[in-house]
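Asks: Throw the hints in and build the complete structure from the sequences for me.
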Amino acid sequence: MKKSIKEGFKATFRRELKRMTGRPIYIFSSVFVMFFCYIFFLTFMKEGLPESLPAGIVDLDQSYVSRTFIRNMDASPHMKIVARYTSFNEARSDMQKGKIYAFMIIPKGFYSDVLSYRRPEVTFYVNDGYLIAGSLLLKDMTYLSALGNGYMQKKVLEAKGFSEWQIMGNIQPIAVDAHLIANPWANYQIYLLNVLLPGVLQIMVLMLTIFSLGMELKERTSRNWLRTANNSMFAAITGKLLPYTILFTILGIGGNFILYKYMHFPMHGSFGWMCVATFIYVLAHQAIGILFIGTVPILRDGISLAALYGLLGFSFAGFTFPIEGMPRNIQIFSEVFPIRHYFKIYINQALNGMDVKYSLIYFAAMLAFLLLPLLVYYRLKKAALYLNYPAK
Amino acid sequence: MQRKSFLRKITDTVRTIISLALEEYRVIFHDSGVFIIFIAATLIYPLLYGYIYKNELLRNVPVAVVDNSNSQRSRNFIRQLNATPEINIVATYANVDEAKQAFQRHTIHGIVYISKDFDDKINQHEQATVSIYSDMSSFLYYRSMMIACNYTALKIGKNIQIERANAEGVVGEQAEINVQPIQYEENIFYNPGTGFASFLMPALLILMIHQTLFFGIGMLAGTAREENKFHLLVPQDNMHSSLYKVILGKTLCYFTLYMVVSAYILGFAPRLFNLPHIGNPNDLILFVIPFLFATIFFSMTISVFVKNRETGLVTFLFFSVILLFLSGFSWPRSNISPFWLAFSWVFPAVHGIQGYIKINTMGAGIHQLNLEVVSLWGQAGFYFITTLIVYRLQIRNSKSRAQAEQEEQDNFTNDIITE
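Protein chains in written order, with my numbering: chain A, 1 to 392; chain B, 1 to 419.
Where hints are given, some of them may not hold.
Said to hold, decoys possible - Lysine-lysine pairs mimicking DSSO-like chemistry, simulated, CA-CA at most 27 Å apart:
id, chain 1, residue 1, chain 2, residue 2
1, A, 139, B, 54
2, B, 155, A, 154
3, B, 245, B, 158
4, B, 158, A, 154
5, B, 155, A, 160
6, B, 121, A, 155
7, B, 100, A, 155
8, A, 357, B, 100
9, A, 155, B, 245
10, B, 158, A, 139
11, B, 155, A, 139
12, B, 121, A, 154
13, A, 160, B, 158
As the list claims (entries may be wrong) - Which residues of chain A face chain B? A few of them, derived with a C-beta cut under 8 Å, are:
id, residue
14, 98
15, 122
16, 133
17, 157
18, 158
19, 159
20, 182
21, 197
22, 199
23, 330
24, 331
To be verified - Which stretches of chain A does chain B cover? Using the computed rule of at least three CB atoms under 8 Å from a CB of chain B, they are:
id, region
25, 17-29
26, 56-67
27, 311-325
28, 363-370
Note that these hints are calculated values from the structure, not bench results.
Heads up, the beta-carbon is just placed ideally off N, CA and C, and yes, glycines get one too.
Replies: Shown next, in the form of C-alpha cells:
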C-alpha cells in the first residue's frame, strides 16, 4: 500500500510536469508574472521617495525677500517650482488639473510689512487628494515657514550679539530628532515592496493551485488523475502540487535575494528564517487553494472566490492602513490571511532584527493553514471520482 | 423613395443592434460566472472596501515614553503630547532598553525619549532635543508620531520664546511678532482631513469598473471560444457589414449596464461612505462615457486572446495592483519614469482614475480635463478598430475550425455509409 502511494505520487508528479509545460498559462502565471512584478516595482519607485514634486507660486510682492523665499522653496528636497501665477484662481485651476500639487501665495507688500512689524501672512495650499505628494509638500512647507521665521529672528539675535548655539536655542527651543527604525530614509520602495511582492506571489499561488486542480474537474480528466496516483487522493494532490511548490518557492526566495541581497533592503535578522517563512507562505496558500476548489468544485467559482480573497490580502496585511484603524468587528479577519502573519515575521526579522523565538507564533499560524485541506479531502475526492457538479 | 429606403436601412440596423444587445443581456443573466463579476462583484466591492477603510484615520497610536529629565517642563511636554489625537501614551519606562522590549512585543509603535539635560538646556537658551523612535512597518505610524511630536515641540517652543520675551520686558503682540514675524496659514485642499479612504477609494472605485468589465468580457469571450461558437456571432453570408453591428450590439449592452453600475459605484458609494464627492454630476457623466467605451473596446480586443472562461482572472488578476500604481494616485505621475509612463497609456484605467479624482475629489470641470477626455476618446476609437480587426480574424479561425470539424464528421459518416 505504502509503495503504491509512493509510486502514485511520482507518477502524478511526472504527469503534472507534462501538463505544466503543455500550456503556456502555467509558466506565464508564475515565472513571467513574478519577473514582471520584480522588474516593474524595482524600476517604478527607483527614487525611493518622490523628489522635485511640481509646485507653483503666486508672488504678489515681487520683492527681494519674496524671491529669496521662492529660491528656498525650490531648493527644498521634494519641491520644484514649475509655474508662476498671477492669481489664486489660476493656481487653483492648475492644481485641479493635477499640474501642481501645491502652491504658495506671498501677499502684496510682504517685504514692507515684515520690516514694519505688521506680520504679513503667507498662505500654503496643498492638494491632499494625492496624499503622498500632499504630505511631502506640506512637510517641506512647514519646514520652510520655520526657516523663514528663523531667518528673521536670526538677524535680530545676531545684532544683539548672541552666539550661534544660543541662536538655535532661541529660534527653536525644542527640536525633534526622529529615528526611523530600519528605514531611516522613509523609503517607499522598502516600505511597499516587502509586502506588495509577497502579495502578488500569494495571488499567483492561489490562482494556479485552483486552476490546476479545477481543470482536472472541468475537463473531466480527474479520474485519469486519480488513477495515475494509484487512487490515493493524498498522492494525487501532493504529486500534482509539488511542482508548483518548488516553482513558487524558488520565485519567492529569489525575490528575497533581490530585495535583501541585491537591493540591500534592511535585513536586521536572519535571512534564512525569512526564506523559511516564504516557503511556508507558499504552502499555506496552496492549502487555501485546495480549500476553495474543494468547497466549490467549479473552477470558475473557485477562481472568483480566490480573486476576492487574494485582493483582500493586500488590505488585511495591514501595512498601508494598520489593522487597528479598521472597524473592530472586521479586525479579526486579518488572522485568516497568511500574508498578515508573513508581514509580522518580516517586521520581526527584517526591520527589528529580533530573535526567531518572537516569531514562532506566526510561523505556527501559517502552518495551521496546512490543516485546511483535510476539511475538503473527501468532498474533493468524491468530486474527482463522480464528477457530480455542473461543468460550466 | 430613395430616402425612405435609406431611413428603413437605418431603422433596421438600429433594430438589429438592439436585438443583439438584448441577446447579450440574456447571455449575461444566464451565465452565473459572468453575473457574479458584472453584478455581484460591482455591488459588493465598494461596500466592502468602503467599510474596511471607513475610519479614514489612524488615531491614538500607542507610544511609550522614557523621561530622563523628569522635570516640570518634560512632564508638560508629555502631557501635551498625550493630548494630541494622533498618539496615546500607554507606558512610561525607566530606560530605552525596556521600551525597546515593549516595541518588539508590538505593544507600542514608537518611543519618545527625553534626555536628562532637557530642562537645563532650555534654561540656558540652548536647543533641547526630544528623540523619537518610530515603527516604520506602516508609514501611518510614523506620520502620526511626527505630526504629534512636531506640533507639540513647536507649540511649547513658542511658549518658551514668549516667556523669554516677557522676561525681557517685551509683552503682548510685540512678543508674538518677535517670535513669529511672518504668519503662515496652511490650507489642505480636497482631502482636508488627510483621510486614507478619501485618498484610496476614488482610485479603487474606478479600478473596480475597469477590472470587472475586463474580466467579465474576457469570460464571455472565453466561453464563446470554448464552445467554438464565435463564428455564429455573425451571419455567414454577409460578414463584412454585420461585424460592426455585432460589436455595437455587445457594446450597447455593456455600456447601458455599466452606466447603471457606474452611477452606483461612482455616485452612490462616495456619498454612502462620505468620501469626497464635490464633482459636477454632468461633468462626471461626460467623463464616464468615454471611459466606459474605451474600457469596453479595450476589453473586447484583449478578450480574443482568452482561451478559457477562467484564464483571464488567473493570469491578469495581479495586474489590478500594477494598474493602481500606474495611475499615479499614490506615487505621483510626475515621478514615474518615461518608460512606465508611456506603458500606462495602454490602459483606460489610468486616465480614468486621474480624471475621476480630478472631477470627483478636486471639483475640476470637464473643460479642465482635456488630457484625460481626449486620450480616453482616442483609446475608445483605437480599440474599436482593433476590436474590428481581431474579431474578424477570430471569426475566420473559428469558422475554418468548425468547417474542418464538420468535414471530419462528414468523412466519418461517409466512411460508415460506404462500409
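Asks: State for each hint whether it applies.
Replies: How the hints compare with the structure:
Taking the CA atoms of residue 139(A) and residue 54(B), the gap is near 25 Å; set against the 27 Å cutoff, the hint holds. Restraint check for residue 155(B) and residue 154(A): satisfied, since their Cα atoms lie roughly 19 Å apart, inside the 27 Å limit. For the hint pairing residue 245(B) with residue 158(B), the CA-to-CA distance comes to about 73 Å; that exceeds 27 Å, so the pair is violated. The straight-line distance between the Cα atoms of residue 158(B) and residue 154(A) is roughly 15 Å, inside the 27 Å bound, and the hint therefore holds.
Proposed proximity of residue 155(B) and residue 160(A) is supported: the alpha carbons are some 25 Å apart, at most 27 Å. Only pairs whose Cα atoms come within 27 Å are accepted, and residue 121(B) paired with residue 155(A) is accepted, the gap being roughly 22 Å. Proximity of residue 100(B) to residue 155(A) is assessed by CA-CA distance (about 42 Å); at most 27 Å being required, the pair is judged violated. Only pairs whose Cα atoms come within 27 Å are accepted, and residue 357(A) paired with residue 100(B) is accepted, the gap being roughly 16 Å.
For the given pair, residue 155(A) sits about 77 Å from residue 245(B) by alpha-carbon distance, which is inconsistent with the 27 Å threshold. For the given pair, residue 158(B) sits about 19 Å from residue 139(A) by alpha-carbon distance, which is consistent with the 27 Å threshold. A distance of roughly 16 Å separates the Cα atoms of residue 155(B) and residue 139(A); the hinted pair therefore holds under the 27 Å criterion. In summary, the hint linking residue 121(B) to residue 154(A) is supported, as the alpha carbons are separated by about 19 Å, within the 27 Å threshold.
Proximity of residue 160(A) to residue 158(B) is assessed by CA-CA distance (about 20 Å); at most 27 Å being required, the pair is judged to hold. Among the interface hints, the one on residue 98(A) holds; its C-beta lies about 6 Å from the nearest C-beta in chain B, closer than the 8 Å criterion. Given hint, residue 122(A) at the interface with chain B, holds; its Cβ is 5 Å from that chain's nearest Cβ, closer than 8 Å. Hint on residue 133(A) holds. Least Cβ distance to chain B is approximately 5 Å, under the 8 Å limit.
For residue 157(A), the interface hint is violated, since its Cβ never comes within 8 Å of a Cβ in chain B; the closest pair sits about 10 Å apart. The criterion of a C-beta within 8 Å of any C-beta in chain B is not met by residue 158(A), whose closest approach is roughly 14 Å, and the hint is violated. A cut of 8 Å between beta carbons decides the hint on residue 159(A): the least distance to chain B is about 13 Å, and the hint is violated. The criterion of a C-beta within 8 Å of any C-beta in chain B is met by residue 182(A), whose closest approach is roughly 6 Å, and the hint holds.
For the restraint placing residue 197(A) at the interface with chain B, the shortest Cβ-Cβ distance is roughly 10 Å, beyond the 8 Å limit, so the hint is violated. Annotation: residue 199(A) was flagged as interfacial toward chain B, and the flag holds, the nearest CB pair being 7 Å apart, inside 8 Å. The interface hint given for residue 330(A) holds, since its Cβ lies 6 Å from the closest Cβ of chain B, which is under the 8 Å cut-off. With a least beta-carbon distance of about 10 Å to chain B, the hint placing residue 331(A) at the interface is violated under the 8 Å criterion.
Interface restraint, the region 17-29 of chain A with chain B: holds (3 residues with C-beta to C-beta distance below 8 Å; minimum three). Coverage of the region 56-67 of chain A by chain B is violated [criterion: at least 3 residues with CB-CB distance below 8 Å; count 0]. Residues of the region 311-325 of chain A lying with their CB closer than 8 Å to a CB of chain B number 11, which satisfies the three-residue condition for coverage. Beta-carbon proximity to chain B at under 8 Å applies to 0 residues in the region 363-370 of chain A; the threshold of 3 is not reached and the given coverage is violated.
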